[in-house]
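The opening residue of the sequence shown carries number 1 in the numbering used here; numbering runs sequentially from there.
Keep in mind that the hints are not guaranteed to be accurate.
The calculated label-pair distances, taken between Cβ atoms and stated as ranges, are [what the hints assert, rightly or not]:
#1 Gly146 <-> Ser111: 17 to 25 angstroms
#2 Ser347 <-> Thr46: 22 to 30 angstroms
#3 Asn50 <-> Ser222: 38 to 46 angstroms
Taking lysine to aspartate or glutamate pairs in the DMTMM-like style, the calculated list, with each CA pair at most 25 angstroms apart, reads [claimed, not checked]:
#4 Lys120 <-> Asp42
#5 Lys254 <-> Asp276
#6 Lys120 <-> Asp152
#7 Lys157 <-> Asp118
#8 Lys157 <-> Glu207
Hints listed in this document are in silico derivations from the structure and should not be mistaken for laboratory results. Glycine included, every Cβ here is placed at the ideal spot set by N, Cα and C.
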Amino acid sequence: MKLSSFLLPLTCLASGATALSAAGWKGQSIYQVITDRFARTDGSTTAACNAANGVYCGGTWRGIINHLDYIQNMGFTAIWISPIVLNIAGNTADGSSYHGYWAQDIYSVNSNFGTAADLKALSAALHARGMYLMVDVVTNHMGYIGCGTCVDYSIYKPFNSVSNPTIISSYRFFIHPRLLTKHQQSYYHPFCLIDYNNATSVTNCWEGDNTVSLPDLRTENSNVQSTWNSWITQLVANYSIDGLRVDSAQQTGKAFFPSFQTAAGVYIVGEIFNGDPNYVCPYQNYMNGMLNYPAYYWITQAFQSTSGSISNLVNGINQMKSTCSDTTLLGSFLENHDVARFPSYTSDAALTKNAIAFTMLADGIPIIYQGQEQHFSGSSVPTNREALWLSSYSTSSTYYTFIASVNQIRNQAIYKDATYLSYKAYPIYSDSHVIAMRKGFTNYQIIGVFNNMGASGSTGHAGGGGVELCDGDDGWEWEFGGGDAGGAAEGVLSEGAVGGEWDLWVVGERREGRKGMDKES
Numbered sequence: 001m002k003l004s005s006f007l008l009p010l011t012c013l014a015s016g017a018t019a020l021s022a023a024g025w026k027g028q029s030i031y032q033v034i035t036d037r038f039a040r041t042d043g044s045t046t047a048a049c050n051a052a053n054g055v056y057c058g059g060t061w062r063g064i065i066n067h068l069d070y071i072q073n074m075g076f077t078a079i080w081i082s083p084i085v086l087n088i089a090g091n092t093a094d095g096s097s098y099h100g101y102w103a104q105d106i107y108s109v110n111s112n113f114g115t116a117a118d119l120k121a122l123s124a125a126l127h128a129r130g131m132y133l134m135v136d137v138v139t140n141h142m143g144y145i146g147c148g149t150c151v152d153y154s155i156y157k158p159f160n161s162v163s164n165p166t167i168i169s170s171y172r173f174f175i176h177p178r179l180l181t182k183h184q185q186s187y188y189h190p191f192c193l194i195d196y197n198n199a200t201s202v203t204n205c206w207e208g209d210n211t212v213s214l215p216d217l218r219t220e221n222s223n224v225q226s227t228w229n230s231w232i233t234q235l236v237a238n239y240s241i242d243g244l245r246v247d248s249a250q251q252t253g254k255a256f257f258p259s260f261q262t263a264a265g266v267y268i269v270g271e272i273f274n275g276d277p278n279y280v281c282p283y284q285n286y287m288n289g290m291l292n293y294p295a296y297y298w299i300t301q302a303f304q305s306t307s308g309s310i311s312n313l314v315n316g317i318n319q320m321k322s323t324c325s326d327t328t329l330l331g332s333f334l335e336n337h338d339v340a341r342f343p344s345y346t347s348d349a350a351l352t353k354n355a356i357a358f359t360m361l362a363d364g365i366p367i368i369y370q371g372q373e374q375h376f377s378g379s380s381v382p383t384n385r386e387a388l389w390l391s392s393y394s395t396s397s398t399y400y401t402f403i404a405s406v407n408q409i410r411n412q413a414i415y416k417d418a419t420y421l422s423y424k425a426y427p428i429y430s431d432s433h434v435i436a437m438r439k440g441f442t443n444y445q446i447i448g449v450f451n452n453m454g455a456s457g458s459t460g461h462a463g464g465g466g467v468e469l470c471d472g473d474d475g476w477e478w479e480f481g482g483g484d485a486g487g488a489a490e491g492v493l494s495e496g497a498v499g500g501e502w503d504l505w506v507v508g509e510r511r512e513g514r515k516g517m518d519k520e521s
């Protein structure tokens with residue numbers, strides 16, 4: 001398949017990108033970028049960057065602009081970039097603030113990444129391509145180098161004064177230090193490290209540690225809320241931002257988000273770092289979507305070895321659909337900057353491809369983390385935050401071309417039938433090693449057959465047969481239990497695989513009358 005054949009229609013539809021609704025985000029495919037680790041302004045592919053050191057390596061917004069072809073040619077229509085605001089400076093035993101999650105001044109951009117003009121140029125460059133910009137924001141906390149009980153709150157902008165910064169600046173030396181500190185601290189919860197077994201502690205105590213403490217904002221405070229609301233309205237407008245990823249959303253608290261969502265006026269996906277649907281799904285009553293951590297755990301466990309549990313994956317998919325209000329608005333991912341890269345669990349290419357394809361073709365908005373396409377294998381923070389330029393931005397690597405192909409297939413399904421995005425995928429068959437998923441209504445649908453048999457698995461579709469697609473009297477039918485469907489069936493595009501890789505059929509116009517396949521979910 002030619003790359004442009006499936007990408008051009010979707011690109012044309014998005015040309016001259018304007019404000020994107022939550023529904024509009026369903027049709028996007030997101031490439032996650034850690035700005036400091038993606039590309040340098042000087043274009044170097046040899047500049048040293050030891051991820052284990054956890055320090056700045058020199059990536060910039062201009063660097064991203066210069067490599068947008070690399071991203072777009074994989075079929076991505078949006079990028080999510082790491083936080084943009086000024087962070088605390090200095091190297092510690094926990095590293096430095098290259099990632100962007102240790103804010104000091106939310107009204108200034110992080111000069112390590114460039115200027116405000118550079119960020120605006122990145123936004124404009126994306127929109128000129130019909131692509132979209134998602135920015136990571138942190139509303140839960142600030143950052144401080146030092147212990148939680150010795151924070152100097154005066155370093156922050158805002159959240160550093162009684163009410164009027166001008167008055168405080170002018171009369172600072174006439175205010176008793178204890179009184180000043182008390183008022184500064186009124187924006188923050190008292191120091192205590194989070195106990196994740198205690199719900200109150202999750203929202204009222206602090207992330208981080210005593211090396212780099214993360215002063216926890218009282219997001220329930222009306223002044224804190226209104227400050228964030230005003231800030232996000234201005235940020236979105238100033239940089240023409242199309243969507244937001246909100247860090248530490250569970251620590252921030254649910255009640256914060258309805259007015260913040262309204263003030264932002266764009267799609268929000270929140271980080272709820274928890275694998276329980278009953279814990280994660282209620283947040284969708286307060287924001288558009290969340291990162292689908294429950295599915296992440298099930299997918300990883302199912303495909304990281306040949307003994308992974310397909311049944312847990314099947315049950316999990318069904319539970320998410322019945323618990324969340326709309327799984328098509330969730331962020332679907334296999335890797336990110338906070339979790340181990342999938343190849344750190346297995347070197348088996350077939351397992352990796354199954355896991356990637358399953359994630360990208362599942363309900364929700366697919367998110368690929370920079371470096372997945374180069375098979376990076378960092379097993380934990382910070383080694384999972386490798387510098388992409390050290391790969392020389394290879395566009396011929398196995399996973400670069402593979403991800404591009406999966407994006408092509410998804411984009412084609414969207415272009416053929418926009419209702420594909422609202423259809424909730426469901427398992428039509430499973431056994432101990434195979435799961436077959438259907439997504440899409442009767443006019444156009446994708447049937448994905450995935451397995452965890454690995455590269456040494458039996459030869460044939462679905463790791464040795466188990467699902468067969470045949471041309472029946474009344475339309476397309478499924479038969480279970482053996483045989484090789486091949487790729488010859490009319491109306492079917494087969495991405496058939498050998499030796500434990502994945503199978504895919506895209507069923508088109510001849511779908512009318514398929515027996516037992518008209519179920520909506």
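Going down the list of hints, with the structure as the test:
For Gly146 and Ser111, the Cβ-Cβ distance of about 22 angstroms falls inside the hinted range of 17 to 25 angstroms, so the restraint holds. A hinted range of 22 to 30 angstroms for the beta carbons of Ser347 and Thr46 is consistent with their spacing of about 26 angstroms. Between Asn50 and Ser222, the C-beta spacing of about 45 angstroms keeps the proposed range 38 to 46 angstroms intact. At most 25 angstroms may separate the alpha-carbon atoms for a hinted pair to count; Lys120 and Asp42 meet this at roughly 19 angstroms.
Only pairs whose Cα atoms come within 25 angstroms are accepted, and Lys254 paired with Asp276 is accepted, the gap being roughly 16 angstroms. A distance of roughly 32 angstroms separates the Cα atoms of Lys120 and Asp152; the hinted pair therefore is violated under the 25 angstroms criterion. Distance restraint check for Lys157 and Asp118: the Cα-Cα separation of roughly 22 angstroms lies within the 25 angstroms cut-off, and the hinted pair is therefore satisfied. Proposed proximity of Lys157 and Glu207 is supported: the alpha carbons are some 20 angstroms apart, at most 25 angstroms.
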